[in-house]
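Going by my numbering, 169 is the number at position 169 of the sequence shown; the sequence numbering is gapless.
Accuracy of the hints is not assured; some may be wrong.
As the list claims (entries may be wrong) - Simulated crosslink set (BS3-like; lysine-lysine; CA at most 25 Å straight-line): (1) Lys-153 to Lys-135; (2) Lys-135 to Lys-157; (3) Lys-157 to Lys-349; (4) Lys-325 to Lys-349.
Hints listed in this document are in silico derivations from the structure and should not be mistaken for laboratory results.
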Amino acid sequence: MEAKPNAAAAAASSSAREPRETDPPPRPKLIEWEDFEPELARLVSLSCALEGAKEKKQVLHRKLESLVQVKNESLGRLNELEEMREKVEGRKLVMQNLQLRTKVVVEDAKRKEEDLAAEVRSLLVSGTALSVARKRLQESNRILGQRGYGKLKNLQKMLRMRQQYMVSQVSVFYPVKNFAGQSQEQELESFPSTTKSVSGSSAGSKPVNLESLTILGLQLTMLPFTKMSFFMDKKEVQRSATALAYVGHAVSLIASYLKLPLRYPLRLGGSHSYIIDHAPSVETMPIDSSSSTTLPSNMKPIEFPLFLEGQDTTRAAYAVFLLNKDLEQLLNFIGLKSLGPRYVLANLKELLRTILSADFIDT
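Work the whole structure out from these sequences, hints included.
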């Protein structure tokens with residue numbers, strides 16, 4: 001039963017197989033007359049069926065071509081869409097990068113804006129401070145005008161000129177000049193030098209006789225203060241005391257003109273003048289330790305003589321030393337240094353020269 005369908009299928013497949021060029025030509029089929037009409041009818045029907053099949057084939061061919069064309073077009077569009085998708089993805093990446101950069105730029109701009117706002121606020125504060133400072137400067141300029149500091153400077157200059165004039169009168173009363181003759185030992189040669197000169201060198205390194213100086217024609221010789229003897233010339237002692245009195249009077253006048261209280265004030269009495277020391281030496285203090293606590297309130301200043309008549313030479317020499325200390329105080333007040341404790345008249349001459357100079361008015 002199963003062989004028949006297979007044989008029919010094989011026959012159908014063999015009959016349906018298209019002839020090939022290599023196949024031998026088919027043998028002509030002989031048909032009986034009686035079978036001619038049915039066979040012809042069958043052939044006609046087969047021809048009609050073949051024509052229909054050809055038409056269907058052509059229709060299917062056209063449909064397949066259209067479908068293939070549509071498929072090709074769709075594939076082309078799919079390719080285009082894929083390319084466009086890739087471009088879109090690339091644009092998306094670019095946009096993301098741009099967004100990140102934009103975000104960074106925006107944050108940077110915000111930060112700079114905040115910094116700028118802080119700087120603006122600081123600038124406003126500085127502007128306010130500058131305005132206040134400008135007002136103060138204007139006020140200072142107004143004060144520095146003729147009714148302010150300028151007036152004070154003018155008054156100070158006038159005061160300096162007045163002081164200079166008064167000191168010039170002192171230099172006229174007590175002129176300190178060079179002595180042309182032979183000089184003797186001068187100005188505390190026995191005292192060691194403790195103060196440096198203006199040039200910075202020690203006064204002890206200077207020669208003993210710098211130059212012979214006189215005050216009102218009198219030489220200040222220190223020989224009586226160092227070599228006092230019974231045979232000493234009384235006139236020479238009196239001349240030294242008078243010269244010291246002149247120096248003391250000149251120092252007192254100059255200190256009063258400069259409004260400078262002397263550290264060692266003078267009690268003037270002509271050739272019998274004294275200089276006062278408010279810190280007496282230890283030798284004059286009592287030895288009793290029980291009363292040492294009450295000494296400061298009970299101590300009195302001690303006067304040292306600027307003359308030798310009837311006095312101890314040590315006390316007189318110390319008085320000359322204190323007088324030179326007053327001269328050193330005056331020199332320091334006007335910005336100078338002492339020439340040393342040996343040079344009383346030299347210090348006085350330097351003091352007068354500096355005060356009478358033009359630079360003193362501008363100080």
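Q.
When the structure is checked against the list of hints, which entries are broken? Sort them ascending.
A. Hint check: 2 fails alone, others pass.
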